[in-house]
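As they're listed, the protein sequences go chains A and V.
When we follow the numbering used here, the leftmost residue of the first sequence carries the number 1, and every step to the right adds one.
When we follow the numbering used here, the leftmost residue of the second sequence carries the number 1001, and every step to the right adds one.
Quick caveat, the hints were computed from the structure, so don't treat them as lab data.
All C-beta atoms in this analysis are idealised placements derived from N, C-alpha and C, irrespective of residue type, glycine included.
There's no promise every hint is true.
As a list, the in silico SDA-like pairs of lysine to any residue whose alpha-carbon atoms are at most 25 Å apart [said to hold, decoys possible]: (1) V:Lys-1079 to V:Ser-1015; (2) V:Lys-1177 to A:Gln-35; (3) V:Lys-1066 to A:Gln-35; (4) V:Lys-1140 to A:Gln-35; (5) V:Lys-1140 to A:Glu-20; (6) V:Lys-1140 to V:Leu-1166; (7) V:Lys-1140 to A:Leu-13; (8) V:Lys-1079 to A:Glu-19; (9) V:Lys-1170 to A:Gln-35; (10) V:Lys-1153 to A:Glu-20; (11) V:Lys-1079 to A:Leu-54; (12) V:Lys-1140 to A:Arg-11; (13) V:Lys-1177 to A:Asp-7; (14) V:Lys-1079 to A:Arg-26.
Residues from chain V that keep clear of chain A, each with C-beta distances beyond 12 Å, as calculated [unchecked claim]: (15) Ser-1015; (16) Glu-1018; (17) Phe-1031; (18) Asp-1058; (19) Phe-1064; (20) Thr-1073; (21) Ala-1078; (22) Cys-1093; (23) Arg-1131; (24) Pro-1138; (25) Gly-1152; (26) Lys-1153.
Partner residues aside, some chain A positions facing chain V, computed with beta carbon under 7 Å [to be verified]: (27) Thr-5; (28) Leu-9; (29) Leu-16; (30) Leu-25; (31) Ile-29; (32) Ala-31; (33) Val-34; (34) Val-37.
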Amino acid sequence: MNDRTDDELDRLLASLPLEEPPAELRTSILAATVQRVPAEPVDPWEASAWGLLLAFAAWLVPHFSDLNGVIATIGRAAFALAQPATLVWLTVGIASAVAVSAIQDFSPRIHLARKGH
Amino acid sequence: MAVEVHIEAEQPRTSDAELVVRTLAGDPSGFTTLVERYERPLYTLAVRTLRDREEARDATQEAFVKAYRSLRTFRPEAKFSTWIFSICYHACCDRLKRSRRYSGEDIPELADAAPGPEAQAIAADDAGRLRAAIAALPEKYRSVITLYHLQGKQYDEVASVLGVPLGTVKTHLFRAKEQLRQILAATERQP
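Please work from the sequences and hints to get the whole structure.
Right, dumping it as structure tokens:
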């Protein structure tokens, strides 16, 4: 074998079969790439609820010493929210937001699914 | 009795660049075909570079995952095979460094003098002897000789994958073949 010419050695090397990969390798590669399930995005309603909670907490902290004032403010806010005019405008706002999301596909969940990630 | 002969027209092979475009457009079959096409060559490169099938398996998977994640950075004018071989080779180098079997200063220039028990066991035939001889080569020679054949003897493509000058590839290839001849001769002399 050591007397082989360069061409003979080349031919011998070229004829060497490729290594056989483990049977499950392809499956695991595809599972880690094209078949990977995207991480569940945060639900918009969940994000809104957390936002409201955090905003309330941020507002509450500086007023924590004045508990009567806090209760009075919450009472006034609840009274204002219960007014028919407020409810009408809230309904109009929410309906508009839902309509815009449906038309322009602003939902992050749908956007991610289309990108295939 | 008439014999029905079906002559199937050979399907034109979709180019790698087209498969990349299809993948980027959201068609997973594009990347699946690329995996089918390059799984064995990449695994072969990894096995011969790392000399460890478990590590080679992980390096191959890592290379495909990295390629998939950075597919948008692939330039259409470049050769996909060179790009993905390069990713795989670097994944192998990282593993070699991590396992402390590889060091920039301490790469041996000469092949292992005596093949290990595993190499002796697989050296039963010509192909086995050749595999064992390649495995006995220093890391840079193993990679260059493997890539030379995987890349269709294109010196410039091998140089791109390894990130070394063209002259270095030629020198390494020449030395690799010399050492291969010596190892093969030594194994043939053994009983």
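Here is what the structure says about each hint:
no., hint, in the structure
1, V:Lys-1079 to V:Ser-1015, "holds, 10 Å"
2, V:Lys-1177 to A:Gln-35, "violated, 42 Å"
3, V:Lys-1066 to A:Gln-35, "holds, 15 Å"
4, V:Lys-1140 to A:Gln-35, "violated, 35 Å"
5, V:Lys-1140 to A:Glu-20, "holds, 22 Å"
6, V:Lys-1140 to V:Leu-1166, "holds, 14 Å"
7, V:Lys-1140 to A:Leu-13, "holds, 17 Å"
8, V:Lys-1079 to A:Glu-19, "holds, 23 Å"
9, V:Lys-1170 to A:Gln-35, "violated, 41 Å"
10, V:Lys-1153 to A:Glu-20, "holds, 22 Å"
11, V:Lys-1079 to A:Leu-54, "violated, 51 Å"
12, V:Lys-1140 to A:Arg-11, "holds, 21 Å"
13, V:Lys-1177 to A:Asp-7, "holds, 11 Å"
14, V:Lys-1079 to A:Arg-26, "holds, 22 Å"
15, Ser-1015, "holds, 19 Å"
16, Glu-1018, "holds, 16 Å"
17, Phe-1031, "violated, 5 Å"
18, Asp-1058, "violated, 10 Å"
19, Phe-1064, "violated, 5 Å"
20, Thr-1073, "holds, 16 Å"
21, Ala-1078, "holds, 20 Å"
22, Cys-1093, "holds, 19 Å"
23, Arg-1131, "violated, 7 Å"
24, Pro-1138, "holds, 17 Å"
25, Gly-1152, "violated, 10 Å"
26, Lys-1153, "violated, 8 Å"
27, Thr-5, "violated, 10 Å"
28, Leu-9, "holds, 6 Å"
29, Leu-16, "holds, 6 Å"
30, Leu-25, "holds, 6 Å"
31, Ile-29, "holds, 5 Å"
32, Ala-31, "violated, 10 Å"
33, Val-34, "holds, 4 Å"
34, Val-37, "violated, 13 Å"
Against the hints set out earlier in the document, violations occur for numbers 2, 4, 9, 11, 17, 18, 19, 23, 25, 26, 27, 32, 34.
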